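Visitor: Sequence:
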Amino acid sequence: MEGLARIEDLGKPRVVIVGGGFGGLELAKALRHAPVQVVLIDKQNYHTFQPLLYQVATASLEVDTVVSPFRKILDEQDNFYFRLAEVQRIDAARQVVETSIGLVRYDYLVLATGATTNYFGDAQMERNAIAMKSVEDAIELRNTVLSNFEKALQLGDEDQLNSLLDFVIVGGGPTGVEIAGALSELRKHVFPKDYRELDFRQMDIHLIQSGDLLLKGMSAEASRKSLEYLERFGVQVHLNKRVKSYDGYTVTLSTGETLVTRTLIWAAGVAGAPVAGLPPACLRKGGRYAVDACNRVQDHPNIFAIGDIAAMESAEYPDGHPMLAQPALQQGRLLAHNLERLLAGQPLQPFRYDDKGSLATIGRNHAVADIKLLGKDLKTQGFFAWFIWMFVHLMSLISFRNRLFVFLNWTWSYFTFDKGRRYIIGRTREPVPVEATTEKAIV
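In terms of UniProt numbering, the sequence shown has 242 at position 242, counting the first letter as 1, and numbering is strictly consecutive.
Honestly, I wouldn't trust all of these hints.
Said to hold, decoys possible - Simulated restraints on C-beta separations:
1) R71 / P192: 41 to 49 Å
2) D78 / G217: 35 to 43 Å
3) G217 / W410: 22 to 30 Å
4) P433 / P280: 35 to 43 Å
5) Q77 / Y249: 44 to 52 Å
6) D292 / T258: 20 to 28 Å
7) R242 / L408: 52 to 60 Å
8) D199 / T411: 48 to 56 Å
Claimed, not checked - Here are the simulated BS3-like cross-link-like pairs (lysine-lysine), alpha carbons at most 25 Å apart as the crow flies:
9) K216 / K29
10) K285 / K29
11) K356 / K379
12) K193 / K29
13) K216 / K151
14) K244 / K216
15) K372 / K356
16) K12 / K133
17) K244 / K188
18) K43 / K29
19) K133 / K72
It should be emphasised that the hints constitute simulated quantities derived from the structure, not laboratory data. Only a predicted model underlies this, so the values are computations on that prediction, with no experimental measurement involved. Using N, Cα and C, we set each Cβ at its ideal position, and we do this for glycine too.
Could you put the whole structure together from the sequences, leaning on the hints where they help?
Guide: Structural data, given as structure tokens:
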């Protein structure tokens, strides 16, 4: 579009933030008293608490417990403006961003576009697999799981039945491990009650990990214990194997083995989500912007990048900081402080990552935790780690309402063994339809 988007000009330096994830939202909040105009642009009108998306996908939580509208979060911040739009291109020479609603002028531009699913160039996988990066992905996975069982009730063909009951998860990081654990709980406590005609001893859950460790980046104890828990819960873990192809029905592994499933969940990797317009030299491996210690994009002193999209290389982090919430939150807070220093003509302060540790849950009463507590490293597993995981995630939710409803849902589920969000609304994924000629069960 040629015209300017309609945004009131306050006569103050304008900070345009692209993306309302953890980093972008934290920056906007931290600038509430700064002498600037804050304009947040996002293609959704809400912030998503991504660490709990897998619980939406596995019927533990409703969508509105993990999302919060930007306007509600920042409704009392006078210098904040939100625009629902998709940013298409950056014009650094004119200091504008081209969006689906017009041009937006900036004095300082902050790119907080986060990450997107990385299929490593495999178009077939991208077409057939289900990712876990958005609310839409989570709902689609829930719909697909439940729809599979409804279809399975009508089949008499054993191979087709197994293809609907079996699940393959690719990626042994926190997302893959947590989905595998959640599916195993559903298989044990919930699905046999809902679908009494099906034999859930035939439901296989496969977790494929290309390396020899689960939860890479966490401690050896966490990796070993998570593998022990998953195997105890009946998850078939395949280490040192890669998925070579998936046509929507057959999964072919690097070892030559094949698995049959109509539902492959892709949790194997992410890449940065850059915006067009800046020179290619600004990008590093994985589609992340090269930034200095103050989050300035290379050769662009008034453009910054924070969070997953920023590659701040150092001796400790040669590929940039881990693509997690904590680096994004900390960079957002520091950048707000630095923008105020910049306006005051003061030198910027470099970013120092305070690694607070990592957590992953494998199911009821089972989790692993590598955290820093009172300056000391604490590694724990089992119930205590599970309690820490719940507390940290509960307190990290954006609003009191979200915390309250998540707590009530978790409490109800813990004592009743029930997952109450088992309904199919919206699209499902069926890359290879169940053939019309398949033998039907006799009703």
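Visitor: If a hint holds in the structure, say so; if it does not, say that too.
Guide: Hints versus structure:
1. In this structure, R71 and P192 meet the distance hint of 41 to 49 Å, their C-beta atoms being roughly 43 Å apart.
2. In this structure, D78 and G217 meet the distance hint of 35 to 43 Å, their C-beta atoms being roughly 41 Å apart.
3. In this structure the hint that G217 and W410 lie 22 to 30 Å apart at CB holds, the actual value being about 26 Å.
4. Checked against the hint of 35 to 43 Å, the C-beta distance between P433 and P280 comes to roughly 41 Å, which is consistent with it.
5. At roughly 51 Å, the beta carbons of Q77 and Y249 sit within the given window of 44 to 52 Å.
6. With their beta carbons about 48 Å apart, D292 and T258 fall outside the hinted range of 20 to 28 Å.
7. One distance hint, 52 to 60 Å for the beta-carbon pair R242 and L408, is violated here, with the actual separation near 41 Å.
8. The hint said 48 to 56 Å for the Cβ distance between D199 and T411, and at roughly 31 Å that hint is violated.
9. The straight-line distance between the Cα atoms of K216 and K29 is roughly 32 Å, outside the 25 Å bound, and the hint therefore fails.
10. Only pairs whose Cα atoms come within 25 Å are accepted, and K285 paired with K29 is rejected, the gap being roughly 30 Å.
11. Of the pairs offered as hints, the one joining K356 and K379 holds, with about 12 Å between alpha carbons and a cut-off of 25 Å not exceeded.
12. Proposed proximity of K193 and K29 is contradicted: the alpha carbons are some 45 Å apart, above 25 Å.
13. Simply put, K216 and K151 have alpha-carbon atoms about 37 Å apart, too far for the 25 Å limit, and the pair is violated.
14. Only pairs whose Cα atoms come within 25 Å are accepted, and K244 paired with K216 is accepted, the gap being roughly 21 Å.
15. Pair hint K372 plus K356 holds up; C-alpha atoms about 5 Å apart against a cutoff of 25 Å.
16. The hinted pair formed by K12 and K133 fails the criterion: a straight-line CA distance of about 35 Å is larger than 25 Å.
17. Distance restraint check for K244 and K188: the Cα-Cα separation of roughly 30 Å exceeds the 25 Å cut-off, and the hinted pair is therefore not satisfied.
18. Taking the CA atoms of K43 and K29, the gap is about 19 Å. The hint holds against a cut of 25 Å.
19. Restraint check for K133 and K72: satisfied, since their Cα atoms lie roughly 23 Å apart, inside the 25 Å limit.
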